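Protein chains: 2
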Amino acid sequence: MLSETRTQQVMGAIRRKITGRILQPSERLPSIRGLAATMNVSPSTVAEAYDRLTAEGLIYARRGAGFYVAQTAQPFDVTEVEPRLNREIDPFWVTRQSLDAEPHMAKPGCGWLPPDWMPLEELRRALRRVARADDALLVDYGSTRGSFALRRFLAGQFADEGLTTGPDDILLTASGTQAIDLICRLLLRPGDTVVVDDPCYFNFQALLRAHQVELVSVSFTKKGPDLERFEQVLKQYRPTLYITNSALHNPTGASLTPPVAHKLLKLAATHNLIVIEDDIFAAFESEPSVRLAVLDGLENVIRIGSFSKTLSASVRCGYIAAKKEWVEALIDLQVATNFGGPSPVTAELIYSVLSTGGYRRHMYGLRERLAQQRRVSAKKLEELGITPWLMPQGGFYLWCELPDGMDSADLARRALDGDVVLAPGNVFSVSQTMAGFMRFNVGQMSHPETLAPLHTFLRDAG
Amino acid sequence: MLSETRTQQVMGAIRRKITGRILQPSERLPSIRGLAATMNVSPSTVAEAYDRLTAEGLIYARRGAGFYVAQTAQPFDVTEVEPRLNREIDPFWVTRQSLDAEPHMAKPGCGWLPPDWMPLEELRRALRRVARADDALLVDYGSTRGSFALRRFLAGQFADEGLTTGPDDILLTASGTQAIDLICRLLLRPGDTVVVDDPCYFNFQALLRAHQVELVSVSFTKKGPDLERFEQVLKQYRPTLYITNSALHNPTGASLTPPVAHKLLKLAATHNLIVIEDDIFAAFESEPSVRLAVLDGLENVIRIGSFSKTLSASVRCGYIAAKKEWVEALIDLQVATNFGGPSPVTAELIYSVLSTGGYRRHMYGLRERLAQQRRVSAKKLEELGITPWLMPQGGFYLWCELPDGMDSADLARRALDGDVVLAPGNVFSVSQTMAGFMRFNVGQMSHPETLAPLHTFLRDAG
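So the sequences go chain by chain: A and B. Per this note's numbering, residue 1 is the first one in the first sequence, and the count goes up by one each step. Per this note's numbering, residue 463 is the first one in the second sequence, and the count goes up by one each step.
Treat the hints loosely; a few may be bogus.
[What the hints assert, rightly or not] Computed list of lysine-lysine pairs in DSS-like fashion (alpha-carbon distance at most 25 Å, straight line):
#, chain 1, residue 1, chain 2, residue 2
1, B, Lys785, B, Lys728
2, B, Lys786, B, Lys728
3, B, Lys697, B, Lys728
4, A, Lys235, A, Lys266
5, B, Lys841, B, Lys684
6, B, Lys685, B, Lys841
7, B, Lys785, A, Lys17
8, B, Lys685, A, Lys17
9, A, Lys263, A, Lys323
10, A, Lys323, B, Lys479
11, A, Lys235, A, Lys223
12, A, Lys324, B, Lys728
Hints in this document: simulated from the structure, not taken from any laboratory. Since this is a predicted model, take the numbers as computed values, not measurements.
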């Protein structure tokens with residue numbers, strides 16, 4: 001609930017000071033009267049809060065001497081932030097709903113394609129091939145950068161785009177998300193400011209909460225971030241980092257235009273802003289759009305990606321392409337926190353699929369199939385009064401406006417009662433200004449029954 | 463080099479303040495005279511340091527106004543700590559040497575068995591089986607806790623030991639190291655104190671550096687940690703966490719005795735110490751030794767493990783068994799930083815191997831073969847004047863004393879020139895008191911040629 005009782009507010013404030021170690025174990029808490037004055041509540045409110053925290057074991061009372069922080073370590077609760085979000089628009093809750101959803105549930109709000117859209121035959125063939133691989137590949141730890149063959153393959157692809165990197169400028173990681181996490185561990189300190197798009201992929205927000213940084217968002221237009229606002233933000237907040245997808249932005253589907261990319265990079269250089277460009281949807285474009293990493297040449301831009309959307313989310317592998325000194329530092333961090341590079345069998349499976357003609361043909365067919373499915377889904381949604389904000393050039397998302405006055409969190413809640421998982425606009429929005437929007441995954445909307453409940457919800461909600 | 467010039471000391475001090483954000487971007491540095499007085503060096507030393515840092519772009523001068531921190535983000539250098547260790551005993555360098563060693567190099571210092579000791583046939587069979595698995599398993603993201611089948615299997619094994627957990631008290635992770643890293647993210651803040659054994663697994667030290675905590679070590683005896691010292695440390699430093707292996711301790715091979723385990727847990731409870739018990743070598747014991755998690759029932763103990771030493775380091779998967787509220791918090795952290803649980807294909811491969819009779823027979827044979835190899839290797843080492851500190855009940859390590867006066871870091875350096883990777887005692891020792899010790903991996907010592915160079919080195923060094 002967005003509104004808490006005063007007692008809960010006091011409890012929350014004390015809890016946060018304890019988990020943040022502002023109040024240390026065995027340290028004396030503020031007096032009841034003192035805290036009441038500071039927080040502008042009645043002493044009885046503070047007294048009740050202290051009693052309830054004592055019952056939870058977080059603090060204890062010493063006769064005649066006040067309250068003290070209990071000695072037990074307080075775990076870092078990454079989900080505990082202000083303001084508390086309704087769960088339908090809380091990145092953590094939405095993620096767990098999608099990932100832990102029962103197979104029978106329809107998931108037009110989720111962020112991946114159903115199995116029949118993925119290169120299954122190529123994967124099965126790769127597994128059989130790896131079953132015949134050398135002994136060492138099946139059991140040894142990987143090298144610290146990860147599979148050379150896969151890195152060389154990626155370097156070759158990057159070179160085709162105009163980004164000259166060697167295999168050693170690339171580091172393989174456990175996943176695309178873990179790639180961003182590693183970079184954040186390298187470059188961020190608690191209290192730093194990070195810029196994201198508005199709207200943006202919701203798990204960026206969850207990840208950045210884990211790093212205890214301040215988030216500032218910039219509206220994403222149909223051509224990329226609003227540059228006037230972007231420049232203001234850079235001057236005012238002096239952020240360390242900006243995280244974005246420039247090709248087929250999640251959730252809007254927009255792609256950066258060359259003038260916007262160029263101006264953005266100039267601003268980044270002027271203000272010493274590091275940019276993480278997440279390439280995870282780039283392979284869905286028929287015509288490649290402009291890439292920040294290619295224009296910049298990895299001076300201020302770090303490219304990350306993975307194969308979870310195009311190849312498999314079950315055989316996970318990510319990569320980072322960055323300048324040399326950062327790659328070395330990232331290797332040290334990955335070695336410390338995961339001992340060695342990502343699973344060699346995984347990297348070999350990925351490489352095995354990527355380097356076949358069958359996969360290239362699969363992607364060609366996939367792009368065609370998705371283009372048609374976007375058109376079909378847009379039409380079905382329009383019949384319900386739901387209109388795409390733009391028609392993307394690729395990928396499986398449609399970012400749509402709901403009929404006037406409809407709240408997407410409300411719609412998402414009703415849909416869940418009917419076993420349908422939706423993605424309401426505000427889970428993507430740091431500024432919480434996207435209540436009238438929703439992201440649809442056209443690959444999860446093939447069955448007529450998926451939208452039927454939506455029709456009912458809209459009718460009931462409208 | 464352990465000794466730095468005064469200029470380097472000044473530069474190091476400023477660098478650390480900047481990477482630790484004690485000095486913020488654009489903040490003014492101490493005046494040259496002021497810092498010279500504080501650090502008890504001459505002003506010209508500080509001036510030279512400031513000039514060199516300016517040349518590196520870390521700081522800049524404003525005419526007549528002093529020096530300022532440049533606005534570029536300073537990456538967190540996890541390897542930069544005081545005192546700087548010679549690389550042969552630096553956990554980061556030693557890890558990278560082992561993981562990135564060319565195949566032709568002999569590695570009696572590394573921490574895993576060669577391929578021919580691992581269950582290769584079972585792995586190949588599992589890959590072929592998974593090649594025929596359901597579509598969803600091959601491409602979908604995993605649930606947030608990871609494969610239910612594997613968790614249920616583990617819960618069953620734990621129950622046999624007397625640890626009653628359900629599958630939902632277990633969380634699968636990308637690796638054993640990443641399991642510990644996740645727990646550290648949950649429970650530690652920079653500046654907290656963590657207790658480790660002396661000696662201890664060197665990557666624990668690297669990992670804890672990444673968390674910016676203070677390390678305190680307690681001597682490990684042939685029965686477990688020195689409890690008198692342990693109690694002193696708990697009272698004096700009030701650490702948050704203790705990380706250990708109780709079954710076949712790395713590197714000594716000792717196993718905890720029941721009285722030591724019991725007393726340790728009482729001390730932990732009294733002093734609110736959380737214990738991470740790393741089970742990674744437990745399967746190598748023929749007779750299971752006492753386990754902290756079993757005695758404690760996961761109240762103050764968190765059990766972690768993986769299959770990298772017994773099954774494959776290329777198909778990596780770890781697990782955490784902990785009390786409910788911590789498991790939930792760990793899931794949120796793993797979701798934020800790695801989006802979803804570990805690779806389902808990986809977990810399925812592991813489960814597929816673990817649940818076969820072939821694997822059980824393999825482990826039985828492995829324990830027998832290792833018992834013999836420990837005896838054979840101990841004999842060969844004794845011929846060189848190198849004597850095991852104790853004969854372990856299982857596993858592949860021998861922790862050995864070198865002949866009097868010999869320095870293991872020195873020996874390791876010479877061996878590397880001859881393409882042999884060794885593990886010198888001080889890389890395992892926070893107190894740096896193990897210069898006369900070395901850890902040998904008997905599985906990597908089957909070939910007569912491996913020890914021949916050692917004979918030469920010892921003769922040259924002696």
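Ascending list of hint numbers which this structure does not respect
Hints 8 and 12 are the ones this structure does not satisfy, whereas the remaining hints hold.
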